[in-house]
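Trainee: The lines below spell out each chain.
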Amino acid sequence: MVVRFDGVAFQRGEALPILADVNLTIESGEIVAVVGRSGAGKTTLLKLVNRLLLPTAGAVIVDGRDTRAWDAIGLRRRIGYVFQDVGLFPHMTVEDNVAIVPRLERWTPERTGARVHELLALVGLDPGSFAARRPHELSGGQRQRVGLARALAANPPVLLMDEPFGALDPVTRLAIRREFKRIHERLHMTVVFVTHDVAEAFALGDRVGIIDDRALIACDTPTAISRSSDPRVRALLETLPSVPVSADARS
Amino acid sequence: MRLLHFWASHRGELASLFVQHATLVVISTSAAIIVGVPMGIVAARAPRAGRWLLGLVNVAQTIPSLALLGFLLPLPIFGGLGTRTALLTLSIYALLPILRTTMTGIQQVDRAVVEAGVAMGMTGRQLLWLVELPLALPSIVGGIRLATVIGIATATIAAAIGAGGLGEYIFRGLSMADTTTILAGAIPSAVFAIAADALLGWAGRRLSTARIATSMALRAGGVAVVMLAIASGVAYARAGRDTIVVGSKNFTEQVILGELVAQRLEHEGLHVDRRLNLGGTFICDRALRAGELDVYVEYTGTAVTAVFHQDVPRDRQLAFARTRELYAPSGVTVGEPLGFNNTFTMFVRGEDARRLGLHTIDDLRPVMSGWTAGFGYEFLQRDDGFPGLAARYGLQFRGTPRAMDLSLIYRALAARQVDVIAGDATSALVAPLDLAPLADNRHYFPPYDAVPVVRTAAMLQHPEMRRALVALAGSVSDAEMRTLNAAVDVEHRDVKAVVREFLGYDGGHE
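Residue numbers (my numbering), protein chains in the order written: chain A, -13 to 237; chain B, 46 to 555.
What the hints contain is simulated information worked out from the structure, not anything from laboratory work.
Every value quoted in this text rests on a predicted model; they were computed, and no experiment measured them.
We put the CB at the ideal spot given by N, CA and C, even for glycine.
Take the hints with a grain of salt, since some may be wrong.
What the hints assert, rightly or not - Between beta-carbon pairs, the in silico distance windows are:
hint, chain 1, residue 1, chain 2, residue 2, range
1, A, Asp52, B, Arg250, 28 to 38 angstroms
2, A, Gly60, B, Leu244, 58 to 68 angstroms
3, A, Ser24, B, Arg250, 51 to 61 angstroms
4, B, Arg96, A, Ser24, 28 to 38 angstroms
5, B, Leu244, A, His174, 23 to 33 angstroms
6, A, Glu171, B, Arg250, 22 to 32 angstroms
7, B, Ile239, A, Asp112, 24 to 34 angstroms
8, B, Gln153, A, Asp112, 31 to 41 angstroms
9, B, Arg96, A, Ala153, 34 to 44 angstroms
10, A, Ala153, B, Leu111, 31 to 41 angstroms
11, B, Gln153, A, Ala1, 22 to 32 angstroms
12, B, Gly169, A, Arg51, 22 to 32 angstroms
13, A, Gly60, B, Phe63, 52 to 62 angstroms
Stated by the list, open to error - Partial chain A-side listing against chain B, Cβ under 8 angstroms, derived:
hint, residue
14, Asn36
15, Leu40
16, Asp71
17, Phe75
18, Val87
19, Trp93
Only chain B is shown next, with the shape it has when bound in the complex (with noise of 0.2 angstroms):
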């Protein structure tokens, strides 16, 4: 029932997401054609250059669409963020199944037919458009067929970079956790390969019978292709670009932050190309240094250990300064510390933090042993999760700590199942079920402050995107950062609206 209101509500959106990924699986599929079927033909003939040729494809099928898309992002020409890198990977991914059909398709046409062939005097590209790809068309077909259904599935995650398409919505319900959001992409896009299909399997029954001249048919589809190619890459090509553009990674928080440096940038007078939702840390470093996008907010910690993978000092601002070094050589430059530092923080129930004058990690020793503690199954086992926390402080609870799932662990407090949790600094809940952190006052755990990462290249060219950034520095604290994730994640209200809320631009200027 949510469902047929978030479509009936959605409708405009879905409507075009929808075109979106039709177009992304017809001309990739296309372009797939257009390569697959003539390295199928050169596979049959030349059974030396095919196996190469297979495995090559074979092995480009085995690498994770993420992965892929973050290899082929920094290209030129094919790659960059958006709809070209999107294209290149699922053309990939369609290649094997019309590549090893046109192969087997016209291996398999019988020996004393093609013979026939040849001793009535055709030439050998008579034979092919004649005799051999007729009759290998109905496995062409399948090939396609094949290679449309798994585009229609792959397709989904053209979104993490910002290539549109129903992968839009499944990438919004992960990041909110919204069961409703995710089926209204996923839904559709499984109704539409199904559709697919069934449309293709009896346009190949229908090709079989057909009493026209195959060969005819295949030269005027080939035709079609190639002009519908051309016509997309035109409209595909490279606009040209006087905007500034803002990415953020995929869960609510770096959304909530892309939004805010976005409006402090059109504030400043410049053009935003949002976006917004990209497949994590690794897409959106891919796309910064290929200059695909011009600035997202990162995290110091996060930068140091899974960009860079170096050792995170314990103090903030020797982090920060670390961070600044690590980008500088790339030609990154890190902006001023936004405030927040989302790092990991022990929670206690808040009346028990009032009543017993909690503030501290070390305020925990003298109640720690009549309580009971929880934490997500990676903290448990890392050596930098609890075993290194224990040490730290002496910490000794009652019984083993109990192991829970991250997403639960703030509920579990609240509920009483158990007292002490460590968790996320920005949590949406920690106000809602009035949770009160704790201060690593001995420095345990890394820091994680929020930072605008720049291209230096861009700032120069815009030198408001200074001002922007200075004006940003400092401004949102931790306390803060856990209010507008509550907005969005608790009370499910449109990041815009409560992003130009927090920065005073209401009713200023739409």
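With the rest of the complex left out, here is chain A (with noise of 0.2 angstroms):
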């Protein structure tokens, strides 16, 4: 599924554009990993394409169709969506968590059962051990792997990640980003990927796109944009707080 950005605007009111005319196209499968120093308007790319935010000027286009023509609802069930705060329900269990949108959209209880298992499963949870707990039994990196499964639930072709990983540590990131990455090869969605690390941009992404001073400035292949020679691009680089070099973008 094909997620377009043409010439999107968005500002609150009267205040300044959080947002000033984006284009970008994210090709179906594709993952672009957008960074951008903090309150750049990254959170608000992604409200734009589940319409939880509408375009001030422009259109995002999902699946060939305008969000404005979207019905919400059913948009969002297609989209599935991982927090920067995780976002788990307290009240429910790992399992309840995880089935929310299949018993939203009115699976059977059979599928549903099934298809939480299997996702835990994917996400590196054992089922047993895990189905029947409480969110705040779960380690920071374990509820994050709840949150990517719940996201995942009703196949959304679609899937918008907000600073995920950002709360873990590095090793448990590094693993758990390893782990998407090979969910990713079986699933094949296409994926909006926020951060504000640029290491972790090169090493998701396909594309790596760059936002500064309300534009996105630069996307490109990760090596392309560590050789470019735009001084915002640069400057950018040099000032975020990892250096882009991994073993990944290498290869």
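Hints given; two lone chains; assemble the complex.
Mentor: Below, the structure written as structure tokens:
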């Protein structure tokens, strides 16, 4: 499923625009990792895709249709969303959390149950010992895995990921990143991934987009980006916390 | 010990009062949940409307309970003497804690969790049922717990409008100044409140750790509450009425007079519903005008001052005529006076009266310079109390009159602490303590003739009522009223039996 930003701008009331004139096409099955400083409008970019926000100018096209023309509820159930602060429902078990969208979509209990077990296994959690636990009984990394399983539950063709691994320790982050790569190779959904960690963007993205000064100033393969002569891209790469050098990027 | 004995001998009554009490609390709290939780949801979603709602409910909370009962009494459908008004009042008081905890419970749900729900494609309703309400549930249960405890305490005032409950004992005890009876009602309601608090606390903890889908439990609970409310609504739906409702205020003399009227009406073959011990003049008057009461006994002086806020003529006939005039426009007929005049009266010791030949207040003048007077606090202060009395009769006692509590004043006179007092003409203690009343020969005190006040419509519908009231006219003298009061207050005899004996119905029919 293709997601396209067509001259998209967004602002709240009379305030300064948060995004201005964003043009970007994310191809089916592609991972685009968008980097930018905190508050650069990365989360806004994601919220425009599943109609949590509507653009004030231009259009966001999902699967050939303007988000304005989509039914919000129907659209959101086709798009998985992994959150910065996970947002697991604290009053529900791991199993119930993962089963939310299938149940909203009125799957049969058998199909839902089978799907939950399949997904927990996919994200590396043993269903037998994790299904009945509650979010507060999980480590940060385990919670992030449940969040990913929940987002994938109804086979969404599009996945939005907002700093999903930001709060994890470096070792866990590396492990879960590899895990995610593996899952993507199997499911091949379209992914928009936003992060302020340039290393992560380079490690995961088929293409890396850079947001600065309210606009998408570049979007290209990691190699091309790291060789960019655009002074704004260079400046951004240098000010960001980690150096864009990693084994994945070089290979 | 006396308390245990009281409970043992009133086992059946205690149990049924407890059931009434619990029913009042359960139904009113359920109604408050049905109204308060949706209000709380609205308030949480629309903060502007929420502030208004909260303000409104807050104001209702500050109205004193007896006043609220009085205001609600004349309402159609929900009002009326008895259970319905009590339920409405209790529901209003239960609303605030439930509304507030629902609102804050929902507002305090983690923003990230709510956003997750929205982003996953939940509709507003799904978000509410699957996320917001379950997470606000511990807070809501806390509010229900608070509302229940408040309800158990407040339900004791239901007795003021004849709705029963453990407050019956408290009001009965207050009117007889009997601590045992007060405690007989107060202690069970306190224990009930503590037990309910503990039970709901335990239920709340169970809920928050329960593994079942809490939203399902909530829905089942909601259905149960609605069914309960409908069932109770049917149960309490107004019963058809071909009976005369007789009321009285909540002190001994009034209860006796209520019973007197009731038995006289029954003697005429009418069905009578007794609503005795209602919480004061205000409640009785509201109930009569709302058609919830058909008759109760009022005093002319009280009617003119407390009900109509006018000055009372000092002449008994004029005061009676004024009372009739004032009631007439509101469809209330005032019957002929029962005979006695429960006004302020000066008393001296019986032996002094006989030895010195004292009959009127004027007779005091030769002896007053050596006598000490004792009066209630209010009587001493008010212009129409002692200062006016002293001016009218030219009284000058030894020293300044002593101020004392009205309940102690009769015993103070008998014990020679004072020599002359002002008290109630019909006090139960007059005969037992051998006190002698002095006639108010200069007509200083306003008259308080006891008169039946009757809904004219009821009297037209039941002509027998008129016969009964005519028979009662002039049938109770001051002395007879004192004897009746003493039979109940001093000898602790049963009101029904005392009245039956007075009317000469003993042995006749049961």
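Trainee: Could you check the hint for me, namely that B:Leu244 and A:His174 are 23 to 33 angstroms apart, CB to CB?
Mentor: 56 angstroms, violated
Trainee: Should the hint that A:Trp93 touches chain B count as held when the rule is a Cβ pair under 8 angstroms?
Mentor: 14 angstroms, violated
Trainee: Hint A:Phe75 vs chain B: min CB-CB distance below 8 angstroms?
Mentor: 6 angstroms, holds
Trainee: Range first: 22 to 32 angstroms. Now tell me if the beta carbons of A:Glu171 and B:Arg250 are that far apart.
Mentor: 47 angstroms, violated
Trainee: Once the shortest beta carbon distance from A:Leu40 to chain B is found, is it less than 8 angstroms?
Mentor: 14 angstroms, violated
Trainee: Falls inside 58 to 68 angstroms, the C-beta gap from A:Gly60 to B:Leu244?
Mentor: 45 angstroms, violated
Trainee: Would you settle whether the hint for A:Val87 is holds or violated, based on the nearest Cβ-Cβ distance to chain B being less than 8 angstroms?
Mentor: Holds, about 6 angstroms.
Trainee: Within 28 to 38 angstroms: is that where the Cβ-Cβ distance between A:Asp52 and B:Arg250 falls?
Mentor: 50 angstroms, violated
Trainee: How does the Cβ-Cβ distance of A:Ala153 and B:Leu111 compare with 31 to 41 angstroms: does it lie in that range?
Mentor: For B:Leu111 against A:Ala153, whose Cβ atoms are near 58 angstroms apart, the range 31 to 41 angstroms is violated.
Trainee: Return holds or violated for the Cβ distance of B:Gly169 and A:Arg51 against the range 22 to 32 angstroms.
Mentor: Given range 22 to 32 angstroms: holds, Cβ gap about 23 angstroms.
Trainee: Can you let me know if the beta-carbon spacing of B:Ile239 and A:Asp112 is within 24 to 34 angstroms?
Mentor: 47 angstroms, violated
Trainee: Is 34 to 44 angstroms right for how far apart the beta carbons of B:Arg96 and A:Ala153 are?
Mentor: 36 angstroms, holds
Hint violations for this structure: numbers 1, 2, 3, 5, 6, 7, 10, 15 and 19, all remaining hints satisfied.
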